[in-house]
Amino acid sequence: MTGSPVVPRQPLAADILTLTKPRIISLLLVTTVMPMYAAGSPSISLVLIVMLGGYLMAGGANAVNMYFDRDIDGVMVRTRTRPIPSGRMAPQAVMAFGIASATAATFLLGRFVNPLSAALALGGFYTYVFVYTRWLKRSTPQNIVLGGAAGAFPPLVGWAAVTNTVDLKSVLLFLIVFYWTPPHFWALALNKQVDYGNAGVPMAPNAWGTRETIDQVLWYSFLLVALTLLPVCFGMFGLPYLGAALFLGGWFIRDAWRVWRQRDTGEWSAPAWKLYKFSLLYLALIFAAMAVDRHV
Amino acid sequence: MATPLAEILFITIAAVIAVSQWLILRSTARGMQHKAAQSADGVQRGSAGRALEWTYAIVPAIALVFLLGCAWRAMHPTAVEVEGVAPSTGIES
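So the sequences go chain by chain: P and S. For the first sequence, this note's numbering assigns the number 174 to the initial residue and increments by one for each residue that follows. For the second sequence, this note's numbering assigns the number 922 to the initial residue and increments by one for each residue that follows.
By construction, these hints were calculated from the structure, which means they are not laboratory data. Backbone N, C-alpha and C fix where the C-beta goes; we use that ideal spot for every residue, glycine too. Any given hint might turn out to be false.
To be verified - Just a sample of chain S residues kept apart from chain P, beta carbon distances all over 10 angstroms, derived:
1. Ser968
2. Ala969
3. Ile983
4. Thr999
Stated by the list, open to error - Label pairs and their calculated CB-CB ranges:
5. Thr933/S x Arg196/P: 30 to 38 angstroms
6. Val469/P x Ala982/S: 34 to 42 angstroms
7. Gln366/P x Phe987/S: 30 to 38 angstroms
8. Glu928/S x Ala292/P: 18 to 26 angstroms
9. Leu221/P x Phe987/S: 30 to 38 angstroms
Work out the full structure: start from the sequences and follow the hints.
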């Protein structure tokens, strides 16, 4: 059954807010702002401008994503109440909003922060819309591995807003988010296999099978935690961060291990949900630890 | 300069990353076999699709090798970099 669901009407403002995927953006903003404090001592006004620009750019990318994915959004239970598939907004209006939002973000960041942060934010927009949504999402089970780069741009933007550079430190923060994405997203995809299968999206659990996906969740978790310790080696962060990274990383691997342990019993659903939820908290806390470390 | 403790940590991290990446590539190969076995036309479109899938898998691994190389260099700056002349990585050690 793929007909439009019955969704109560809501104010246009609420629909526009839905287009931006505010819950996802809240985490992106954490990974934007915390690197700003890890890089230096930004003014409150700079932080607020970067947050507004980051929200508009990510919100615009999410709206354009909804435009391109409107055919499969109507098929998936998780997304069928979105403004386009439920018939509350015209696709062209959503596309126009997305482009306008990204344009405003580019102006805001370029004019009031610096051109580099604007270019990086725009790079994240294009990576999400064209590399992930248009190219990889429907063509390969590795879609969220390389496509995860889109969600890894915010630390580069935050860092560049303060330092006006892209250096090894900011690239390392980029890679931490990049390698966090597979275990995070596959933990969700494990529990959404029917949805993705109906929509014909080749997520790893559907294409590779549950067993290989769970294996990779664990291997990527080890890789991620190792990567989070690397900044300590060359003095980017100190003992407070090291302690937090070890504690949070140990927790992450423990949750991934609990999923892996159930890969042959079929009882992985609940542990996978738990890992998914913890991974959200993990990313926020590990980035918060970076900021705290530089200011204690 | 890097302390012995930092060097031990770096080597441990590099080892964990190398083993994890190898396991990821091995699992990807198995996943591709699983996918081909399930797909009715898997045999016909095999080689080009497999090459592309391998490219997707290997690119992040190459990025990690570069990252580890840059991190090692940041831990062991040359004499010129120690004197503060154009440290290309922007790392203070």
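Taking the hints in turn, this is what the structure says about them:
The claim that Ser968/S lies off the interface holds: its Cβ sits roughly 15 angstroms from the closest Cβ of chain P, which is beyond the 10 angstroms cut-off. The Cβ of Ala969/S lies farther than 10 angstroms from every Cβ of chain P, with a closest approach of about 12 angstroms, so its non-interface assignment holds. In this structure Ile983/S is separated from chain P by more than 10 angstroms, as the shortest Cβ-Cβ distance comes to about 12 angstroms. Consistency note on Thr999/S: stated as away from chain P, and its beta-carbon is indeed over 10 angstroms from all of that chain's, at 14 angstroms minimum.
The hint said 30 to 38 angstroms for the Cβ distance between Thr933/S and Arg196/P, and at roughly 36 angstroms that hint holds. Roughly 35 angstroms separates the CB atoms of Val469/P and Ala982/S, a value that falls within the hinted 34 to 42 angstroms. As the Cβ distance of Gln366/P to Phe987/S is approximately 35 angstroms, the hint placing it in 30 to 38 angstroms holds. Between Glu928/S and Ala292/P the Cβ separation comes to about 36 angstroms, which falls outside the hinted range of 18 to 26 angstroms.
The supplied range of 30 to 38 angstroms is met by Leu221/P and Phe987/S, whose beta-carbon atoms lie about 35 angstroms from each other.
Checked against the numbered hints listed earlier, the structure breaks hint 8 alone; every other hint is satisfied.
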